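Those sequence lines, one after another, are chains E and A. Just add 20 to wherever you are in the first sequence, counting from 1, and you've got this note's numbering. Just add 9 to wherever you are in the second sequence, counting from 1, and you've got this note's numbering.
Possibly wrong hints are sitting among the right ones.
[Unchecked claim] Chain A is nowhere near these chain E residues, computed Cβ spacing over 10 angstroms in every case:
{"hint": "1", "residue": "Gly168"}
{"hint": "2", "residue": "Asp228"}
{"hint": "3", "residue": "Trp273"}
{"hint": "4", "residue": "Thr313"}
[Unchecked claim] Calculated cross-link-like contacts (lysine to any residue; reagent style SDA-like; alpha-carbon spacing at most 25 angstroms):
{"hint": "5", "chain 1": "E", "residue 1": "Lys305", "chain 2": "A", "residue 2": "Leu24"}
{"hint": "6", "chain 1": "A", "residue 1": "Lys138", "chain 2": "E", "residue 2": "Leu307"}
{"hint": "7", "chain 1": "E", "residue 1": "Lys305", "chain 2": "A", "residue 2": "Gly41"}
{"hint": "8", "chain 1": "E", "residue 1": "Lys261", "chain 2": "A", "residue 2": "Lys138"}
To be clear, the hints were calculated from the coordinates, so they are not data collected in a lab. Bear in mind that the values here come from a model prediction, so they are computed numbers and not experimental data. A virtual CB, placed ideally from N, CA and C, is assigned to each residue, including glycine.
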Amino acid sequence: MASVEAQASGSGQREPNHGMRIFIISLVLGVIFDALFWFLLSPHMPPGTMTSAAASEQFDINVLAAIAIPVMIFIFVYFGYALTVWRRRPGDDTDGPALHGNARVQTTWITVTSAIVLFLAGFGTYELIVPQGAGAGEGPAPIWTPPGAKLTVAQQIAPWTPGQVLVIQVIGQQWKFSYRYPQFGGFETSALVIPDHTWVQFDVTSIDVIHSFWAYQLGVKADANPGVDNVAFAKTDQLGKITVRCDELCGLWHGAMFDYGKVVPVSEFQSWASSSRVELASITKLLPPYATTYNPTVIPLFRLGPVVKKLGLFGAGGGYYPPQDPQQP
Amino acid sequence: MSLPARLGTLLAAFLVVVGGAIFVVIHYLLGGPPTVDYAAGVTPDSGHVVKVYLQEDPQTTIGNRPDWVSYFIQDPKTHKWVHTTLFQVPAGSTIDVTILGYDGCTPLRNPYWGKVTGTTGNVEYVNGKATPVLNSWGQCSVGHTFSIPGIGLNVPVASPTTLAANNSLCSTSPCTSGPHTTVTFSFKSPTTAGSYFWQCRVPCGLGYLDGFGGPMQTIGYMTGQMEVVS
Numbered sequence: 021m022a023s024v025e026a027q028a029s030g031s032g033q034r035e036p037n038h039g040m041r042i043f044i045i046s047l048v049l050g051v052i053f054d055a056l057f058w059f060l061l062s063p064h065m066p067p068g069t070m071t072s073a074a075a076s077e078q079f080d081i082n083v084l085a086a087i088a089i090p091v092m093i094f095i096f097v098y099f100g101y102a103l104t105v106w107r108r109r110p111g112d113d114t115d116g117p118a119l120h121g122n123a124r125v126q127t128t129w130i131t132v133t134s135a136i137v138l139f140l141a142g143f144g145t146y147e148l149i150v151p152q153g154a155g156a157g158e159g160p161a162p163i164w165t166p167p168g169a170k171l172t173v174a175q176q177i178a179p180w181t182p183g184q185v186l187v188i189q190v191i192g193q194q195w196k197f198s199y200r201y202p203q204f205g206g207f208e209t210s211a212l213v214i215p216d217h218t219w220v221q222f223d224v225t226s227i228d229v230i231h232s233f234w235a236y237q238l239g240v241k242a243d244a245n246p247g248v249d250n251v252a253f254a255k256t257d258q259l260g261k262i263t264v265r266c267d268e269l270c271g272l273w274h275g276a277m278f279d280y281g282k283v284v285p286v287s288e289f290q291s292w293a294s295s296s297r298v299e300l301a302s303i304t305k306l307l308p309p310y311a312t313t314y315n316p317t318v319i320p321l322f323r324l325g326p327v328v329k330k331l332g333l334f335g336a337g338g339g340y341y342p343p344q345d346p347q348q349p
Numbered sequence: 010m011s012l013p014a015r016l017g018t019l020l021a022a023f024l025v026v027v028g029g030a031i032f033v034v035i036h037y038l039l040g041g042p043p044t045v046d047y048a049a050g051v052t053p054d055s056g057h058v059v060k061v062y063l064q065e066d067p068q069t070t071i072g073n074r075p076d077w078v079s080y081f082i083q084d085p086k087t088h089k090w091v092h093t094t095l096f097q098v099p100a101g102s103t104i105d106v107t108i109l110g111y112d113g114c115t116p117l118r119n120p121y122w123g124k125v126t127g128t129t130g131n132v133e134y135v136n137g138k139a140t141p142v143l144n145s146w147g148q149c150s151v152g153h154t155f156s157i158p159g160i161g162l163n164v165p166v167a168s169p170t171t172l173a174a175n176n177s178l179c180s181t182s183p184c185t186s187g188p189h190t191t192v193t194f195s196f197k198s199p200t201t202a203g204s205y206f207w208q209c210r211v212p213c214g215l216g217y218l219d220g221f222g223g224p225m226q227t228i229g230y231m232t233g234q235m236e237v238v239s
């Protein structure tokens with residue numbers, strides 16, 4: 021642009037203000053495409069609005085897209101403008117003008133891009149804090165919690181009433197997630213059922229390798245690490261089906277480690293939880309007491325039967341063959 | 010080197026490379042365990058009852074394969090035990106399964122999987138006795154599990170329960186004698202054709218971290234696939 025202007029001034033012809041042209045074209049197209057995106061596409065962007073966390077993530081994605089669209093359009097407009105206006109004309113075999121820096125263009129570029137990056141840094145931080153961690157695992161001592169979060173075992177096993185934070189412990193194991201409901205006697209089930217209009221606290225852990233609990237429609241994603249209680253929050257706002265996937269390569273059948281859950285009305289959830297508590301009582305009494313993490317490699321002696329102990333089995337750690345074993349393939 | 014010699018060398022080198030590639034593909038990529046066919050001659054979705062027989066052994070003593078703990082499946086035609094974990098059943102049928110549990114007991118990593126789910130009546134029959142739950146920590150009761158997560162099936166396979174039996178387990182596979190339990194159960198095969206993986210949930214990959222390596226991650230040992238055909 022600067023070189024063309026220099027050439028123009030050298031030839032005595034008045035060169036149009038290319039920069040302003042590009043800016044205006046980009047601005048008009050940017051406004052049009054941003055409006056089209058915001059009103060037509062943004063309501064359908066993932067992961068939806070089933071929970072506060074999901075809605076927050078969708079809003080973040082939409083803001084990022086709304087910022088990216090004008091930048092992308094500017095680049096395409098500049099590219100197209102350069103190809104059209106500054107192309108080599110037939111019969112013109114002269115060298116192009118010498119290139120010089122243009123402090124105004126450089127300053128504008130640095131200022132605009134810096135402003136965008138700094139704004140996004142602040143926006144991202146705000147959007148992580150305000151929606152209580154935005155559905156991400158915050159580790160065992162979460163900082164951004166909703167009112168009434170249950171951060172101790174005593175709080176987590178106290179009976180639940182509608183309006184309170186519901187605690188669901190997610191246990192990763194090859195190749196299935198199971199769910200414990202400590203406020204309902206600590207029953208464990210393969211079904212993920214959540215009440216509507218309720219803050220849910222997911223306490224995510226693993227009893228073997230590293231998994232990752234990714235409840236897509238809930239906007240919740242938290243790594244499941246053995247020996248770690250990874251806490252994430254989300255408030256349900258809509259009824260519907262949930263898809264849960266493991267998002268950490270965890271072994272042979274990682275790709276098949278998915279299941280489905282649902283968000284149901286509070287009354288239906290209470291009915292389901294009460295009946296599940298009764299139906300699963302026979303297995304619940306065999307489970308270890310509710311805790312934020314489990315180490316089945318060492319089972320408390322009082323829980324082990326006499327024959328099991330005499331066989332030298334003091335946990336479910338896999339044990340070892342003699343030194344020459346196992347033979348490898 | 011003369012031109013014919015050069016061409017001969019080039020051709021030989023080409024054949025070696027191509028031959029090596031074919032060997033790798035056939036031997037390693039296509040050379041998996043066989044699939045035992047329980048669907049042959051059975052009309053899918055006709056309500057037929059198909060009887061499937063498996064056994065789990067403390068070790069594998071076949072040829073030069075790893076000596077890991079392993080499942081075996083009986084071929085319905087020859088009645089011979091095949092070292093595989095792949096089998097095929099017709100869609101929409103009742104599958105009667107019999108598992109001979111020759112391996113000793115091991116605590117489940119998660120006692121939750123001691124509950125029988127997905128079978129007819131949500132029970133298994135251990136030596137003929139209806140059993141809805143097995144306590145693998147408090148009793149020497151579970152050898153392995155047979156679980157198909159895709160259809161919600163989980164069956165803890167009972168083990169011999171006494172110290173003496175656990176110390177005199179079958180040592181030659183496939184087992185034909187020795188202390189064992191007989192576990193039977195029934196379930197409905199899906200009406201949708203497809204592959205449904207199954208696995209064991211006991212950490213029986215001895216010698217590997219937390220017991221989840223080796224046979225637990227290898228098709229043909231403690232995990233496999235049930236092919237449903239329609």
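Which earlier hints can't be squared with this structure?
2, 3, 5, 7, 8
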